[in-house]
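J.: Residue strings, one per chain:
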Amino acid sequence: MSAPGRSFNVAILAMGGEGGGVLADWLVDLAEHNGYFAQTTSVPGVAQRTGATIYYVEMFPDARDGRTPVFALMPFPGDVDVVIASELMEAGRAIQRGFVTPDRTVFITSTHRVFSMTEKIAMGDGRVDADKLLEAGRAAARKLIVADFADAAERTGSVISAALFGALAASDETPFLPEAFEAAIRRGGVGVNTSLAAFAEGARLAAQPTAPSVVEALIEPPPSAVGRLLQPLAERIRCDFPAAAQRTLVAGIERLADYQDVAYAEAYLDRLAPLAALERDSGDARCRLLVETARHLALWLSYEDTIRVADLKTRRSRFDRVRAEVRSKPDQVLGIHEFMHPRLEEIADTLPEGLGRWLLATPWARNLVGRFSREGRVVRTSTVRGFLLLYFVASLRRIRRGTLRARIEMQRIDGWFATVTEVARTDYELAIAVASCQRLVKGYGDTHARGWRNFESLMNALPRLRGRADAAIQLRRLTEAALADEHGNALSAAREEIAA
Amino acid sequence: MAERSFKKEVEKLRLAGGETFHGEGILAVTKALLQSGVSYVAGYQGAPISHLMDVLADANDILAELGIHFEHSASEATATATLAASVHYPLRGAVTFKSTVGTNVASDALANLASGGVRGGALIIVGEDYGEGSSIMQERSHAFAMKSQVWLLDPRPNLPSIVEAVEQGFQLSEATSTPVMLELRIRACHVHGRFVAKDNVRPAFTLKDAIEQPQRDVSRIVLPPASYLHEKEKIEKRWPAAVAFIRERRLNEFFAETADDFGIILQGGMYNNVIRALQLLGLSDIHGDTRVPLYVLNVTYPLVDDEIVRFCTGKRAVLMVEEGQPDFLEQNLHAILRRADVQTRVHGKDVLPMAGEYTGGVMLQGITKFIEKVAPHHLPESGVPAAAKPVPPEARLPAIRAMDTAVHPRPPSFCTGCPERPIFTAMKLVERELGPHHVSCDIGCHLFSILPPFNIGATTMGYGLGWAGAAALNTRETRRRTISFMGDGGFWHNGLTSGVGNAVFNKTDNVLIIVDNGYSAATGGQDVLSSKGLNPIRTTRNPIESAVRGVGVQWVRTITRTYSVSRMRDTLREALTTPAEGPKVIIAQSECMLNRQRREKPLMRKAVESGQRVVRERFGVDSDTCTGDHSCIRLSGCPSLSIKPNPDPLRTDPVATVLDSCVGCGLCGEVSHAAVLCPSFYRAEIVSNPTGWDRFRAKVRAAVIGFLQNRIDRRLAGLRP
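So the sequence lines, in the order shown, correspond to chains A and B. The opening position of the first sequence corresponds to residue 14 in the working numbering, with each subsequent residue numbered one higher. The opening position of the second sequence corresponds to residue 112 in the working numbering, with each subsequent residue numbered one higher.
Be aware that one or more of the hints could be misleading.
Just a few of them, taken from the derived set where beta-carbon distance is under 10 Å, the chain A residues facing chain B [to be verified]:
no. : residue
1   : Ser20
2   : Asp92
3   : Ala152
4   : Arg268
5   : Glu317
6   : Arg329
7   : His350
8   : Leu373
9   : Thr396
10  : Gly456
11  : Leu496
12  : Ala497
Calculated from the structure, these hints are not laboratory results. A virtual CB, placed ideally from N, CA and C, is assigned to each residue, including glycine.
Using the sequences provided together with the hints, build the complete structure.
T.: Given below as structure tokens:
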């Protein structure tokens, strides 16, 4: 509650289309029906087009003496009783703008994230640290009420504004009783039942004590159990490999047996065995080199060829996942259509090595196949025909090891792995950085080609770095630069800087 | 029809005298117009007064009952010229538009209107789009009032004051034969409040009377010698009449005039925030009972010298609270006091910033500085609130400083499923093949292309001026062409002549893309001439292609589905490379998704409920084949295409994901095909109320597919626990 003689002020920070305006209208209706003057202001217009915006509500009791309060048109820093943020980054914005102050403000925020464009377009991981936002909220507010109100809204089939309205009612900071809040929703007359459900859920979440900040588990959890066929390999991991790496290795063998077969997974462990020996001498308790190399090796060995894609797309678990994701109900019929664009290169990749090379080198064959692969295809996996097509491609797994793609990838993996092992003898940290460069080689088509070019560029830069005290740091910088833009500008600049 | 419907709210316009009106500022303005007995209203939409136009459109029946004619003007110039009806006839009329962009367009008509003057009250309601949330260049309407000598009202931002300003505005206009501008800032337009209504008034003299008994008075027409006399008349008659009216009717207000030996002079629109700042400093209460003398300028042009001298006499210092620049009022104040030989010190832009919006924090700090200078003993002994002083960055809490980089700007952008996005995706793909081109942008949602992820566009010169903005870049010395943009709104506003006609006449060889989404979308989805929908009070369905061909363009391609990225790309490539000389126009058509959803969603829900077979489409991403490169996002930027943590224990980069807000526009699939991206996208077709045939087919498929999936499961059995 605000001090006597002061208005009760609520700022709502939301994004266009989230129902912030509805929330503000409920508040005004609530106030006016309970003997208050109320005012709301907002800035519509382009802010409605998904941009960040503020709705602002002030209220003051009507003493029936003919005197009307003078309300501010926008929040004043230090003069806001409740700040409601519909999302965590918007919560950060409210703090930055000074609306949240420790002497006065109750801060209600949803913990879910709606990622910004900057976060989404990053070529790797551009997400900001959500914990920092929460910590700032804790430091800035008199009282912080946090929960995933978006989830509450989704579970109740409503919108986040209703859940936040519930949180405000439960905060016990307004002059009104929860029943009065519900009455305002009823008077609103739109989606009353779902709104009330979300309101109740929001209120329930807000009443719960605030969960402590998430602390990352410091102890490596034990590796998960494996299936029957992988027991011998799991046993080998337990005996021959350090504990710190076991979790990753188990994930690795599972992935590779799923990708190809158990023998393929076994070969993976064979390859890593010398590195485990090397790790024993390194003295690094976390075995970072082994863990990083094992992780990247498993990823590289399970490169995404057409066979893999067809395999994953045809599985029952995948059909179930799609059904859940698109919220298809049991009485609805679901069709799944894939967007594929295998080019000449991918077709050649899937052929036995000799045939594949011949196709790529033979103009008339190229033209012929190229004509059929110029346009993308829509494969209807949910039909018998579409499914059979993908099922057939997936079955080529049996000849995978002889395909052109397999030969090329194995050659590349051999080279990379040899470099890691060799560098490890002289510079442990640099070896980890080299192992991590695999991160660049991902995606399909042009994306994959670009990743490989960047990878090669880094490997070419490696000899110049070796021997330098900051070699690992520099190589990581180059990796980051390679992920900074699609055109390789940052990478060229970083390479030049290092060379200078 | 417009994005927001006021059908229910407009019923409040029928309130009779004595009843209390509760609602939004723009609705109150409309009610005030009806209470003032207007005969006609017109305007051009644009924030902050878009909704005023929408209210008027939704209130058309009520307006018709009162004999009021309402027009969606072709432009702000048209709107202002509409006020010509008040030149010879005792008709009250009002027009509205966004300022200063609209006022710029209206200037020609405004100057002519102001020169001859008016007989009936003429009110121009300008939505002052300044400061936070503004979408235009930062300028002031004040300058237009000064140059054309029309009077500028800036009422206190509460409903009773705004309503009164409308009524007084008409009276002032008639008393001085001068059009009057009423300035409303964005928050005032949308402020919720209450006032006591009066009865609506049907004008005594009607449009019919005017048409049937035409009049003319050559002394009101802007042509020498009358125009020379107009200038004299402005100075000798109209201005003094305005000053007298303002003074006699007490349009400006004094509060606690003699309470102290210092005071504040302020624009009416600043009143509420000034009071709040004073309240936080303990110098006023919530009801505006101030201990600091205030002189509130509800009329900011012209100033009333006598009132200023009266207020300043006996005061050591005054603060001029004037938002925006240049500081016209402060300079005027100096001149007035100098002429009257009053020695009061004038503060203003020395304690408040010269430029930018006077937000809460800025106002509080500025007024604190002023009080500290002139009467520090008036400040609370316990000290001023923390927010009254600027906080140096290093004094902030460490946890808050640590958060700074985690807050990204979140500018507006293309909506989910927006049909304009694929146009820019196609441009990105063409750019990969042909290299970058000079791109001239226009005003409209399509201008969001300048932001990530597209980063396309070099200049924007104003509404409808996209092609005009590339006019000079037209030379035979290169084969490379420039690309310009224009929306359907800008096209009909003036682009047809300023852009297309100009390009034909000057033999350009360049390319124009007209984004035809069926609405004036950025301003709130109002209809335009080429809108596809039927509008009961307007004529629509006039194709842009006919207009473009009509002014002489030979090379025209109309694409009726912008989501087809490959067609878009191929057409654009053709336009940029074809040997055909002359202007090339691509009309990219697809309905604004925001409006389409608003139209279709309820219909679809109803169809499902009534048991009809309905197919809903949406996209998805298989997270196990997505490798987290996000190329797809860089080519789309759709709000419903986002990222989520990678479920794969061996991977760290987040994967792409399609949120449930997806409307299944098809762009994701088209992009992954056209750009050869990745096979992770799928389109799900969800059939509600399937037919017997649907169910039979699904059963057969499930049997065959299930059999094969059992085989797959057998291979995988034993790998997982």
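J.: So, His350/A near chain B? Judge it on the closest CB pair being under 10 Å.
T.: At 4 Å from the nearest chain B Cβ, His350/A passes the 10 Å test, so the hint holds.
J.: Please check whether Glu317/A passes as an interface residue: C-beta within 10 Å of a C-beta belonging to chain B.
T.: It holds, given that the least Cβ distance between Glu317/A and chain B is near 6 Å, below 10 Å.
J.: Could you check if Arg268/A really has its C-beta closer than 10 Å to a C-beta on chain B?
T.: Status holds, d = 7 Å.
J.: Does the interface hint hold: is Ala497/A within less than 10 Å of chain B, judged Cβ to Cβ?
T.: violated (13 Å)
J.: Hint check: is the beta carbon of Arg329/A less than 10 Å from a beta carbon of chain B?
T.: Holds: closest Cβ of chain B sits about 4 Å from Arg329/A, inside 10 Å.
J.: Could you check if Leu373/A really has its C-beta closer than 10 Å to a C-beta on chain B?
T.: Violated, because the Cβ-Cβ distance from Leu373/A to chain B comes to roughly 17 Å (cut-off 10 Å).
J.: Does the CB of Asp92/A sit less than 10 Å away from some CB of chain B?
T.: holds (6 Å)
J.: For the restraint on Gly456/A, tell me whether the closest CB of chain B is nearer than 10 Å.
T.: holds (4 Å)
J.: Using Cβ atoms only, decide whether Thr396/A comes closer than 10 Å to chain B, and label the hint accordingly.
T.: Result: holds, 6 Å to nearest chain B Cβ.
J.: Quick check on the hint: Ser20/A CB to chain B CB, less than 10 Å?
T.: Where the cut-off is 10 Å and the nearest Cβ of chain B is about 6 Å from Ser20/A, the hint holds.
J.: Ala152/A was flagged as interface toward chain B. Is the shortest Cβ-Cβ separation under 10 Å?
T.: Interface hint status for Ala152/A: holds (4 Å vs cutoff 10 Å).
J.: So, Leu496/A near chain B? Judge it on the closest CB pair being under 10 Å.
T.: holds (9 Å)
Consistency with the previously given hints fails for numbers 8, 12, ordered from lowest to highest.
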